[in-house]
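2 protein chains.
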Amino acid sequence: MIIDCHGHYTTAPKSLEAFRQKQVDGLKDAKLSPAKNSLVIRDDEIRAGIEGAQLRIQRERGTDLTVFSPRAGGMGHHIGNATTSELWSDICNELIHRVCKLYPQNFTGVCQLPQSPGVRPDNCIAELERCVNEYGFIGCNLNPDPSGGWWKEPPLTDKWWYPLYEKMVELEVPAMVHVSTSCNPGFHTTGAHYLNADTTAFMQFLTSDLFKDFPTLKFIIPHGGGAVPYHWGRFRGLAQDMKKPPLKDLLLNNVYFDTCVYHLPGIELLTRVIPVDNILFASEMVGAVRGVDPETGSYYDDTKRYIDKATWLSDADKQKIFEGNVRKVYPRWGRNK
Amino acid sequence: MIIDCHGHYTTAPKSLEAFRQKQVDGLKDAKLSPAKNSLVIRDDEIRAGIEGAQLRIQRERGTDLTVFSPRAGGMGHHIGNATTSELWSDICNELIHRVCKLYPQNFTGVCQLPQSPGVRPDNCIAELERCVNEYGFIGCNLNPDPSGGWWKEPPLTDKWWYPLYEKMVELEVPAMVHVSTSCNPGFHTTGAHYLNADTTAFMQFLTSDLFKDFPTLKFIIPHGGGAVPYHWGRFRGLAQDMKKPPLKDLLLNNVYFDTCVYHLPGIELLTRVIPVDNILFASEMVGAVRGVDPETGSYYDDTKRYIDKATWLSDADKQKIFEGNVRKVYPRWGRNK
Chain A
1 MIIDCHGHYT TAPKSLEAFR QKQVDGLKDA KLSPAKNSLV IRDDEIRAGI EGAQLRIQRE
61 RGTDLTVFSP RAGGMGHHIG NATTSELWSD ICNELIHRVC KLYPQNFTGV CQLPQSPGVR
121 PDNCIAELER CVNEYGFIGC NLNPDPSGGW WKEPPLTDKW WYPLYEKMVE LEVPAMVHVS
181 TSCNPGFHTT GAHYLNADTT AFMQFLTSDL FKDFPTLKFI IPHGGGAVPY HWGRFRGLAQ
241 DMKKPPLKDL LLNNVYFDTC VYHLPGIELL TRVIPVDNIL FASEMVGAVR GVDPETGSYY
301 DDTKRYIDKA TWLSDADKQK IFEGNVRKVY PRWGRNK
Chain B
1 MIIDCHGHYT TAPKSLEAFR QKQVDGLKDA KLSPAKNSLV IRDDEIRAGI EGAQLRIQRE
61 RGTDLTVFSP RAGGMGHHIG NATTSELWSD ICNELIHRVC KLYPQNFTGV CQLPQSPGVR
121 PDNCIAELER CVNEYGFIGC NLNPDPSGGW WKEPPLTDKW WYPLYEKMVE LEVPAMVHVS
181 TSCNPGFHTT GAHYLNADTT AFMQFLTSDL FKDFPTLKFI IPHGGGAVPY HWGRFRGLAQ
241 DMKKPPLKDL LLNNVYFDTC VYHLPGIELL TRVIPVDNIL FASEMVGAVR GVDPETGSYY
301 DDTKRYIDKA TWLSDADKQK IFEGNVRKVY PRWGRNK
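Line by line, the protein sequences give chains A and B. Take the first sequence: its position 208, counting from 1, is numbered 208 in my numbering, and each next residue is one higher. Take the second sequence: its position 62, counting from 1, is numbered 62 in my numbering, and each next residue is one higher.
Bound conformation, chain A alone (with noise of 0.2 angstroms):
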C-alpha cells in the first residue's frame, strides 16, 4: 500500500474561496460577514473537483491513499482574528470530512487549526478534538508563525505551545509543522517561506528540551525537512558543539520528514542521509509545483517515481517509507477505520 502522507484540498469548489473573500470583507464592514450556512457546496461538485486532479492522479502513479488536509496556502490564519479563524477552519474541515467520506479508500483527513497571531494555542484545542473525535480525522498542520511570514509567536519549543501538544499525546495524533501564505514581500510563499519554516522548526527542536517533556510527540517536516538533509553534518555538528546527544536519539523519535523533494538528487540525499525509519512518503500533489520536468518527462511532484527509481533502498525500506512509517507515525490511521 502507498500512503502519500501530505495532500492539500487545492481544488475544491471555487465557492469556498467566494465565502472567504466575504469573511474578509465582512473584517471591514459587519453586514458583510457571511453566515455559515450561506456557503453551501453539493457533492458532486466536491467529486468533480476530486475526480478530475488528486483522485485521477493517484490511479495514474498508483499512489492508495492521501493524508488530505486544507489547503496550506489558504489557511490565512493573519487575517482577523481568532473568530475568524475558527469559523474558517470550521468549514475547511468539513470540507476534508466529506471528502473522507466520499472517498474513504483514497483519503484520510487531517485538520487545520483555528490559530491567530498571538492567540494561545489552547484556542485549537476544540477544534482537534472535534475533527479526532467527530472526524476520525488523524493528524493536524500546525504553524509555526500564524502572522504569515512575520515570525512573531514564541519558538514551538516554547510552553506557549505545550497545552495543545498535551492534547496530541492524548488523542496520538502527530502535527505537520506547516505555514501559510507570506504576506512578507522578501518571502516567496513555496520558494521560500515553506522551506524557511521547515529549516526553522527543525532547529527549535534541536536547540530544546521538548522531547524530554513529550516523549511521545510527533512531529512530520515536510518538503523534504526544508534545507535540513542537505545541511545534516552542519546540524550534527552544531548540536556536538552545544554538547547535545546525537540527533539520532536528541530527534528522531519524534521528528519525520517527507519525501516532498522534487527531483531524484535531492530525494538520493535524504534517503541516504536520514534514516528510513524517519522518511515517509509524500508529493503534496496538487501543489506548489505542477509542470511536467523537461529533464525526465515526468511530474515534478511525481515523487514516487524517485523512490521507484532509489535502488539503493531495500523493498523492506521503501515497505517503511510508503506505508510503514505513516501507520507509526499516525497510530489512529488503522485504528478509525
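It is worth saying that the hints were derived from the structure and are not from the lab. Quick caveat, the model's predicted, so the values are computed rather than measured.
For identical chains, the list gives no copy identity; a pair is met inside one copy or between any two copies.
Pairs of lysine-lysine, BS3-like flavour, derived with a Cα cap of 27 angstroms:
#, residue 1, residue 2
1, Lys328, Lys244
2, Lys243, Lys304
3, Lys101, Lys36
4, Lys243, Lys14
5, Lys28, Lys152
6, Lys36, Lys14
7, Lys152, Lys212
8, Lys212, Lys243
For this one, chain A is given, so just place chain B on it according to the hints.
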C-alpha cells in the same frame, strides 16, 4: 591554488568586542560612546589570533588564500542607527585590511557594509568605494535583512538596492548575500537564519528581472545555497510554472554557490546538481561548526576533503571550484596584486 571564498575574522582581539560593547552602551548614554581612536590593536595581537587559527588551519588543510571579511554575526546592522553602523564598519573593515597587509599571500579582503534598518543602501556606497579603492578589497557582504530576523527591508530585487548595485557593477565587485545575528527568538542564527536567508535571496532573484537590469552583477549565495540545490527540482518547476526561462539562463550568469556544506553527501548533491561553473570553494573556517565529525574523524568544516573525495569531478572541474571561478566572480583579485 586553492582559494576559500568565505572566511570571517572570528578570532579578532577581545578589545574589538569591548569597543563594540561601549558603542552599544553609548546608544543609551552618549557619555559612554567610545572615540574611534580609543581602540588600539597591535599587530602582534592580530598575528596571535590569525596564526593560531586561520593561518594554521590553512596550512593543515592545504588551502592557500582566504577571501576574508568581518565576522558575519558581529555586523549587527540592527543595532543603533546609520552612524553606529558607519563607525563599526569602518573599524571592522580596517582590521581586515590590516590582516591582509600582514599576510598578503593568505588573505584578501571583503568588506562589511554600514547597513542600517530602513536606511537606503546608497548610504553604503562611500564605504564600499573606500574599501575597494584604498584597501584593495575585492567584494562585499550584503545583508538582505539588516533588521536581524524581522525581514522588514524590500527584497534584494527592489529598486531600493539599485544605487548600490550600480556601484558594485562599476567597481566590478560581487556581493556575498550574508545576514548577521538573528534577534528573532524563532530563528537560530547559524542553524536557521543563515540558511533561510540564502534560500530567500535565491527565490527573490528567481522571481525578478534583476539580471536583465544588471547583466554583470554577481552574487555568491553562501552555505551551499541554503536549501536551493537540495530543492533544485522545486525551483526549476516553480520557474517553469511562472513561464520563466530555465534557471541556467535566468540566474546562473549572476548567482554562485559556495561549498560550505559540512558532509560529503551534501557536497555530492551540490556538485552533481549545480553546474561546476557556479560553485566556489569555501569552508567558513573558523565559523559556525567547530567540531570533529565522529563519522569521518575530520573537522566538519574541512570542506576541501569532501571536494578531494569527489571522484565524479574531473581535475578541470576541481580547478574551477578551487580557483578558476573565484577569479571569474571576483575579477579585481588578480588585478590588485
